[in-house]
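Student: These are the residues of each chain, in order.
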Amino acid sequence: MGLKVLPPTLRKNNRYLAVDIKIDSPIAKDDFVSIVWDACVKFQGELNASNFNLWVMRFYESERWDGYYTYKAIVRCQRDYVEEVRSSLALANRYKNGRISISTIGLSGTVKASHKFI
Amino acid sequence: MFFDLNIKGSSLENNLILAEQASQYGWNHINFSYSQDDFSNALKFKKELLNELEDKLSFDYTLEIKSNNPNEIRKITNKFRKKSSCISVVGGDLKVNRATLENIKIDVLSRPYLRRFDSGINHVLSREAADNNVAIELCFKDVLKSYLSYRSKVISNFKDIYTLYRKFDFPLILSSRAESVFDIKTTHDFIAFFKQTGLNDEEIERSFTAASDILEYNGNRDNLIFKGVRRVDDGS
Numbered sequence: 001m002g003l004k005v006l007p008p009t010l011r012k013n014n015r016y017l018a019v020d021i022k023i024d025s026p027i028a029k030d031d032f033v034s035i036v037w038d039a040c041v042k043f044q045g046e047l048n049a050s051n052f053n054l055w056v057m058r059f060y061e062s063e064r065w066d067g068y069y070t071y072k073a074i075v076r077c078q079r080d081y082v083e084e085v086r087s088s089l090a091l092a093n094r095y096k097n098g099r100i101s102i103s104t105i106g107l108s109g110t111v112k113a114s115h116k117f118i
Numbered sequence: 001m002f003f004d005l006n007i008k009g010s011s012l013e014n015n016l017i018l019a020e021q022a023s024q025y026g027w028n029h030i031n032f033s034y035s036q037d038d039f040s041n042a043l044k045f046k047k048e049l050l051n052e053l054e055d056k057l058s059f060d061y062t063l064e065i066k067s068n069n070p071n072e073i074r075k076i077t078n079k080f081r082k083k084s085s086c087i088s089v090v091g092g093d094l095k096v097n098r099a100t101l102e103n104i105k106i107d108v109l110s111r112p113y114l115r116r117f118d119s120g121i122n123h124v125l126s127r128e129a130a131d132n133n134v135a136i137e138l139c140f141k142d143v144l145k146s147y148l149s150y151r152s153k154v155i156s157n158f159k160d161i162y163t164l165y166r167k168f169d170f171p172l173i174l175s176s177r178a179e180s181v182f183d184i185k186t187t188h189d190f191i192a193f194f195k196q197t198g199l200n201d202e203e204i205e206r207s208f209t210a211a212s213d214i215l216e217y218n219g220n221r222d223n224l225i226f227k228g229v230r231r232v233d234d235g236s
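Protein chains in written order, with our numbering: chain A, 1 to 118; chain B, 1 to 236.
Think of the hints as simulated: they come from the structure by calculation, not from any bench. Note that the coordinates shown come from a computational prediction; the quantities given were computed from them, not determined experimentally. Treat the hints with care, since some could be wrong.
Lysine to aspartate or glutamate pairs mimicking EDC-like chemistry, simulated, CA-CA at most 16 Å apart [stated by the list, open to error]:
id: 1; chain 1: A; residue 1: 72; chain 2: A; residue 2: 30
id: 2; chain 1: B; residue 1: 44; chain 2: B; residue 2: 60
id: 3; chain 1: B; residue 1: 195; chain 2: A; residue 2: 83
id: 4; chain 1: B; residue 1: 79; chain 2: B; residue 2: 37
id: 5; chain 1: B; residue 1: 195; chain 2: A; residue 2: 80
id: 6; chain 1: B; residue 1: 105; chain 2: B; residue 2: 72
Based on the sequences and whatever the hints tell you, model everything.
Tutor: If you want it as structure tokens, here you go:
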């Protein structure tokens, strides 16, 4: 049997970042998870990154081709650490010898609401 | 208003792609920077670029002087002063940093910390920057393209400049120096990064104002008689 769900007052408050990804080579969701973690641990360090409560909620492939692959994703983080996560993701620039760029295009309090940015 | 005074300019097509992306990501004004060798060529397709970008965002050109010779910097500045809305000099060399900050005709000293183990400016140069109204520019790209210890050192140089900025109050501008769409970030991401390095909201706001002031000042440069006195058109 799983753990009982925490009462609302004890739960963590989350924010959901809608991100725009541009990359030279195709990636899957798992690759993106490691890119997000690497970026945060690299810029903020292991200790700070432990506060972020990071999770990749959704990952969408795009049909568009502008000389690079584009993807959209929704990344969860803790409410008070949005700026830290944003700046860390913005600083990701290499993945497997190719270029990558991650830009946060929207921020909202629920996954549903963050869909308007996708 | 979000201003980026240093996006690396290249061909017309590339500039259009960069401008389109910048406009999507919330930038209001960008300046394409060209070196002294390419600047005249770039002026040839400025009108065409203006027509294409008319309803998207405003843009202009920055002359980016790359030279280690202070005398040459002075000559190039005098030659291009009337043609360019912003003149910046790439720093890094102590002689160049000093010559730039002492020259009232130059608008920006770009990246005084480049290829150095320190920030490239001290209290003397900071005072010169404040007196001559020469802005000091920090580029996001220097952090983006570096990693590990080198990235830490660049951020450390940024922090040293912030300390001097708070004491001497010289104009500070923040720019991306983007070369491709991969280097352009949303305005919020850009601000979030500089907040992380130690600037506060008001200082970031002032950096955008400083960039807009440079463009406005140079727009009125023909009407300036001497420092503090400007010819105004009263309509009569």
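Student: Check whether the Cα positions of residue 105 of chain B and residue 72 of chain B lie no farther apart than 16 Å.
Tutor: holds, 14 Å
Student: Check the hint pairing residue 195 of chain B with residue 80 of chain A against an upper bound of 16 Å on the C-alpha distance.
Tutor: holds, 14 Å
Student: Verify the proposed pairing of residue 79 of chain B with residue 37 of chain B, using a straight-line Cα cut of 16 Å.
Tutor: It holds: about 12 Å lies between the C-alpha atoms, which stays within 16 Å.
Student: For the pair supplied as a hint, residue 72 of chain A and residue 30 of chain A, is the alpha-carbon distance within the 16 Å limit?
Tutor: holds, 14 Å
Student: Given the hint that residue 195 of chain B pairs with residue 83 of chain A, does the C-alpha gap stay at or below 16 Å?
Tutor: holds, 8 Å
Student: Within a Cα-Cα threshold of 16 Å, do residue 44 of chain B and residue 60 of chain B meet the stated pairing?
Tutor: Given pair residue 44 of chain B, residue 60 of chain B holds - Cα atoms ~13 Å apart, limit 16 Å.
Against the hints set out earlier in the document, no violation occurs for any number.
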